[in-house]
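So you can see what is in the structure, the chains are spelled out below.
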Amino acid sequence: MKEQKIRVLVAKPGLDGHDRGAKVVARALRDAGMEVIYTGLRQTPEMIAEAALQEDVDVVGLSILSGAHMALAPRIMALLKANGQEKVRVFIGGIVPDEDMPRLKEMGITGIFGPGASTDDIIKDIREAVK
Amino acid sequence: MSLTTPVLEGNRLALARLLTQVENDSLEGRAALVELFPHTGRAHLLGVTGAPGTGKSSLVNQLALHYRKTENKKIAIIAVDPSSPFTGGAVLGDRVRMRDLFCDNGVFIRSMATRGSLGGIAQTTGSFVQVFDAAGYDVIIIETVGAGQSEVDVARLAHTTIVVEAPGLGDDIQAIKAGILEIADVLVINKADRPGVEITERALRTTLELAHPTKRISPALAGGAKVRHHGQTMTIEDSSSAPIDSAIWIPPIHKTVATEGKGISELAESIAKHVAHLRLSGDWASRERDRLGSELEAALREELVIRFHRDISKKAYDEVIEKVMSRDLSPSEAVKYLLNGRLK
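Sequences listed follow chains V and W, in order.
What the first sequence shows, in my numbering, is residues 1 to 131, in sequence order.
What the second sequence shows, in my numbering, is residues 1001 to 1344, in sequence order.
Just so you know, the hints here were simulated from the structure itself, not pulled from any lab data.
Check each hint, because a few of them may be wrong.
Said to hold, decoys possible - Straight-line distance between alpha carbons at most 25 Å, and here's what the computed DMTMM-like set of lysine to aspartate or glutamate pairs gives:
| hint | chain 1 | residue 1 | chain 2 | residue 2 |
| --- | --- | --- | --- | --- |
| 1 | W | K1074 | V | D56 |
| 2 | V | K87 | W | E1009 |
| 3 | V | K23 | W | E1009 |
| 4 | W | K1073 | W | E1266 |
| 5 | V | K87 | W | E1266 |
Nothing here was measured: the structure is a model prediction, and the numbers come from that model.
For reference, chain V alone in the conformation it holds in the complex (with noise of 0.2 Å):
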């Protein structure tokens, strides 16, 4: 039996196209030794819940600019969890107002990191949640 590997999907849903950050991310979790699926600009919820599930990832990580957060992070977890992955981490990472955060949580978003967050904790969050 070989080592398993963590699979984080990262994606960016919506129409902000500034990826700077999900790149920045994804590079780090790459240098962590995690396998990063990286999908790019633009994506619908469907579009990120079936590369989830053809990926068959232990994390996704949604990095959402554009304050659509409480649109878009219900959708995407009632995909998830319609296609039998309940199982999967979801983080977001960007733009969250405080007094949204509690809601997130409450959806089942296990964490959510902010501007100047650092990679190392995101790392350390991963790790812990997919143990």
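Guided by the hints, dock chain W onto chain V, whose structure is given.
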């Protein structure tokens, strides 16, 4: 619960999970491969290789779209990208170019990291192919890592190998080197809207003509005509009617612009012709034999090493390593000593 039955029934989640088991070489994955094997042997395996940035992923995207639109075939895509040799991590980015296929139930895309393999595909890529084949996918496209000159393992796996080039990457000397160009069943010059495409095409064509010289002879001269060549009279043999001729496949060269979908249907036509050629010439069976033979060989080698280590004590093994370290035994002498118990 066994994943085999739901995979055969077309359950996509079970398929995805089984691929993970197979990739991790778990006991469950191994058992499933055994159960699935009788269901394999139906799919057309299409390898796509070429240097990084030549547009392999975009080309695969367009080919899959074409097959979906015109033939309604079920398509599996295995997209391989390299693992870091230092951390073991990987960024698998081929999906970025395949967004047209994301929400089509007849397409299944799986990215995989090489996890230390150097031949352009991963060690378990062949097993992935078996799983997709058993799951009823008609065409399985294997996209290799961005290949240099010798990442040619995909040719052993695929029935049809497409080598993707782009203008401006190499001259005619590159084109006559051994390695990646030799494995091409179909050559594609992608990004054909860029300057330098004629030079690339000429270099590739010259290479093909060196490999298949008889094809250059014009019909007017063929058929026993005498010509003088370097001061010697030579007879040109009639190659056009020779029976062997039909058994020779000469790789066609296609110019494509994958991002715009240009040249894709012509490429698909050539691929279909190649399949027909393989069936007609008997090469399909011999390629299958080579592929399964090398899989058997690899499995045998692995099993023999495991058995060997089970039968020998670690102490005895370590002693031999010490002898190699002190230069009392060379590695090949050590092997003889370990296998025969004496130096002979």
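Comparing the hints with the structure gives:
Our distance criterion of 25 Å between C-alpha atoms is met by W:K1074 and V:D56, whose separation comes to about 20 Å. Taking the CA atoms of V:K87 and W:E1009, the gap is about 23 Å. The hint holds against a cut of 25 Å. This hinted pair does not check out: V:K23 and W:E1009 have alpha carbons roughly 37 Å apart, beyond 25 Å. Between W:K1073 and W:E1266, the direct Cα distance comes to roughly 18 Å. Compliance with the 25 Å bound is thereby established for this hinted pair.
Distance restraint check for V:K87 and W:E1266: the Cα-Cα separation of roughly 44 Å exceeds the 25 Å cut-off, and the hinted pair is therefore not satisfied.
In terms of the numbered hints stated before, the structure departs from hints 3 and 5, listed from lowest to highest.
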